[in-house]
Amino acid sequence: MRKQLLKLLNKNARVSLADLAVALGADEAAVADEIKALEAEGILRGYKAVIDWEKMDHSYVSAIIELKVTPKVGRGFEEIAERVAQYAEVESVYLMSGTYDLNVVVKAKTFQEVAMFVAKELSTIESVTSTATHFVLRRYKELDVSLAVREPDERGTISLC
Amino acid sequence: MLNYEQLLSQTIQDIKPSGIRKYFDIANTMQDVISLGVGEPDFFTPWKIRNAAIRTLEAGKTRYSSNSGLLELRKEIADYLERKYALSYHPEDEILITVGGSEAIDACIRVVTNPGDEIIIPQPSYVCYEPMARMAGGVPVILETKAENDFKVTPAELIEKITPRTKMLILPYPCNPTGAIMEKEDLIALEKVLHDTNILVVSDEIYAELTFGKSRHVSPASIPGMRERTIVINGFSKAFSMTGWRLGYACGPREILKQVTKLHQFAIMCAPTTSQYAAIEALRSCDEDVADMIAEYDMRRRVIVKGFNDIGLTCREPRGAFYAFPCIKSTGMTSEEFCEKLLYAKHVALVPGPAFGQGGEGFIRASYCYSVDHIHEAIRRTKEFLDELH
Ligand SMILES: Cc1ncc(COP(=O)(O)O)c(C=O)c1O
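Line by line, the protein sequences are chains A and B.
Residue numbers for the first sequence follow the numbering used here, beginning at 1 and rising by one.
Residue numbers for the second sequence follow the numbering used here, beginning at 1001 and rising by one.
Don't read these hints as lab results, they were simulated from the structure.
You may find that some hints are simply not true.
As the list claims (entries may be wrong) - Part of the chain A face toward chain B, derived, beta carbon under 8 Å:
id : residue
1  : Val15
2  : Asp19
3  : Gly156
4  : Thr157
5  : Ile158
6  : Ser159
7  : Leu160
What the hints assert, rightly or not - DSBU-like mimics (lysine-lysine), calculated; alpha carbons at most 30 Å apart, straight line:
id : chain 1 : residue 1 : chain 2 : residue 2
8  : B       : Lys1146   : B       : Lys1184
9  : B       : Lys1306   : B       : Lys1329
10 : A       : Lys7      : B       : Lys1048
11 : A       : Lys3      : B       : Lys1152
12 : A       : Lys11     : B       : Lys1184
13 : A       : Lys3      : B       : Lys1048
14 : A       : Lys7      : B       : Lys1084
15 : B       : Lys1146   : B       : Lys1214
16 : B       : Lys1048   : B       : Lys1016
17 : B       : Lys1306   : B       : Lys1383
18 : B       : Lys1383   : A       : Lys11
As the list claims (entries may be wrong) - Label-pair restraints from in silico Cβ distances:
id : chain 1 : residue 1 : chain 2 : residue 2 : range
19 : A       : Ala115    : B       : Arg1381   : 46 to 54 Å
20 : A       : Ser123    : B       : Lys1084   : 38 to 46 Å
21 : B       : Glu1228   : A       : Gly46     : 45 to 53 Å
22 : B       : Asn1051   : A       : Leu137    : 22 to 30 Å
23 : B       : Glu1082   : A       : Pro71     : 47 to 55 Å
24 : B       : Glu1082   : A       : Gly42     : 43 to 51 Å
25 : A       : Glu154    : B       : Ser1018   : 15 to 23 Å
26 : A       : Glu154    : B       : Ala1086   : 53 to 61 Å
Every residue gets a Cβ at the ideal spot worked out from N, C-alpha and C, and that includes glycine.
Start from the sequences, fold in the hints, and give me the full structure.
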C-alpha cells in the first residue's frame, strides 16, 4: 500500500482520507496510520500547493543560481549545501553533475532583491568560488502541473460510446 | 422536388434513431452541467504517441499503406495479443487494421450475413451491432442479459436463442454500459454450447485493457476450440486514449479475414497512415502510460461505486470498461424519467439504461472518465435530488 499511497499523494495531496481508503481498498484508520508512519520516517516531507502566482497581484520572481564551490575536506558538499538551504529565499538546493556544483533556486519579490541576495549572501560564502544567475521569465509547468490556459471539455456532455 | 423517402433505402429509413435523442440534445446545450455521460477517456493521448505521429508527418510518410495496414504494425499487434492475451495470429493474413473497432465490427457482420441470417446480440450493450446487422440484411436476435447473472451471457440463454438460421454471436465484453466481463469458466461454458454449431463469434474487446480486480480480460479466442470460430475486434481508442485517431483491428481465421480485407479494400482502402505509425509507438513503448491510466480508472471506479451505494442506488462492482451501472428501481421512476428529472433539477447528465437495449430499464450508465472531484460533485447533486424526492 505504501508505494500506491505515495503515488496518489504525489498526484494530489488533497485527496481525502475517505477517498484514499476507497482507492487503496483499505480502511481509513489504516491509511491514516500509514501516513503518520511515512511522516515519522521522513519519507513524506510536506504538502504544498501548485500556484500560478502570475494570476495574483503580488507575484514574485525566481532565479536559478549555479554555484561553484570548493568542497570541505571530510564533509564534501554537505556543509555548504546545508548552509545555503538555511536561507528563507532559497526554495531548493541540488548537488549537480557537470560544469557546476550546486543548483540553487532563489525566490524574492523583485529581480533586484534576487540580485542583492546573490551578491551579498551567496557569493560571500567562503567556499563559493563563482555564481551564475538565470532569471525565470515564465513558468509553463510546475511540479507536473501544466500552467497553460485550461481548455473546456471538448468531449461534450453526453454520448453513447 | 425529389421524393427522398422513395430515394433512400428502406432499410436505413426503418432504423430508428435512438429514442433518447431529445434528452441528449437538451443535455448538450445546457450550461454548467456536471456530466458522467461521455464514454471517452479524459486523458490526452500519451505524448510519446503524438510525438511519433508528428515525426512521421515531418518525414512525409503520408501515403496509403497496404490495404491490410502497415506490416510493422500488424507484427506489433501480433506480439501484443500474444503477450497480453495468449492469442496467436499471423501478421500477414490474420490481422486487418481498420478505421476504429467500429469499421471492423461492421465489416465482419457484412461478410458473413446473407439476407435473413440471425445475429445474436446480447443487450444491454453498445448501440452499433443492431443497426449494422440490419444494414447487412441480417435479423438481430436480442439476448437480454440479467443483472442477477452480472449481465453475462449464460449457456441456457444462448441455447434458447440459437436456431438453424443463427450465423453469428456478438460477445460485447468487457461491456459498455454494464461493466460486465466474461470469466474463463463462463467462456468455456459457452464454447460447449457452440461446439457442434457453425456459428461465428465476433468478440468486441475494445475495452480489453480496462479490466479490474483479481482476474483480467480473457479473450474468447484463447479458449480451446474457439479460435477457429472467433473474430477478435480491438483497437486503440479506449486503451490508449486515441479515440480521434480512428484505429482498430480485426483478427481471426484467414478464410474469414481474407473476405473482410476484400471489403475493406473496396470500402476504405486503408486505415489512416499517420494513426498507424502512432499505434506502432503505442504498442512498443506505452505499457507504463497504460498502467497509469488503468490505476487512475480503478481508483475512480471504487469511488463511484461506493458513492452510488452510499446514496442508496445499488451498484454492483463493474469489472471492466469505464462505466458504473447503478440500479434506480428504488426511486419508482423509469430510467429515462430519472435521468431527465435529474438533469433539469440538478444539471447532472447520465445515460438511461434502455439507450443500450430494453434490458437496461431500471439502470443508468455513469461513466467514470472524469476526475474524482467531478465524480464527487455529480454524486453530491444526485444525493440532493434523491433527498428532495421524499
Ligand atoms: C463496446 C464498444 N465497441 C466499439 C466502440 C467503437 O470504438 P472505436 O473508436 O474503436 O470505433 C465503442 C465506442 O464507444 C464501444 O463502446
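Task: Restraint outcome when threonine 157/A is required to lie within 8 Å of chain B by C-beta distance - done: holds (4 Å)
TODO: Report holds or violated for the interface hint on serine 159/A, using the least CB-CB distance to chain B and a cut-off of 8 Å.
DONE: Holds. Min distance 5 Å.
Open item on the list: lysine 7/A and lysine 1084/B were given as a pair; does the straight-line alpha-carbon distance stay at or below 30 Å?
Closed with: Measuring from Cα to Cα gives roughly 25 Å; hence the hint holds.
Open item on the list: What's the verdict on lysine 1306/B and lysine 1329/B, does the C-alpha distance respect the 30 Å limit or exceed it?
Closed with: Since the Cα atoms of lysine 1306/B and lysine 1329/B sit roughly 18 Å apart, the hinted pair holds (cutoff 30 Å).
Open item on the list: Quick check on leucine 160/A please, does its C-beta sit within 8 Å of some C-beta on chain B?
Closed with: Since chain B brings a Cβ to about 5 Å from leucine 160/A, closer than 8 Å, the hint holds.
TODO: May I ask you to test the hint 46 to 54 Å on the CB atoms belonging to alanine 115/A and arginine 1381/B?
DONE: About 52 Å separates the Cβ atoms of alanine 115/A and arginine 1381/B, which means 46 to 54 Å holds.
Task: Pairwise beta carbon distance, glutamate 154/A to alanine 1086/B, judged against the given window 53 to 61 Å - done: violated (38 Å)
TODO: Decide if the proposed pair is consistent with the structure: lysine 1383/B and lysine 11/A, CA atoms, cutoff 30 Å inclusive.
DONE: holds (28 Å)
Open item on the list: Just to be careful, I want the Cα atoms of lysine 3/A and lysine 1048/B compared with a cutoff of 30 Å; is the pair within it?
Closed with: holds (25 Å)
TODO: Given the range 38 to 46 Å, decide if the beta-carbon distance of serine 123/A to lysine 1084/B lies inside it.
DONE: Once the Cβ atoms are compared, 58 Å apart, the range 38 to 46 Å for lysine 1084/B and serine 123/A is violated.
Task: Interface hint status, aspartate 19/A versus chain B (Cβ within 8 Å) - done: Holds, about 6 Å.
TODO: For the pair we were handed, lysine 1146/B and lysine 1184/B, check the Cα-Cα distance against 30 Å.
DONE: holds (19 Å)
Going through the hint list in order, the structure does not satisfy hints 11, 12, 16, 20, 21 and 26.
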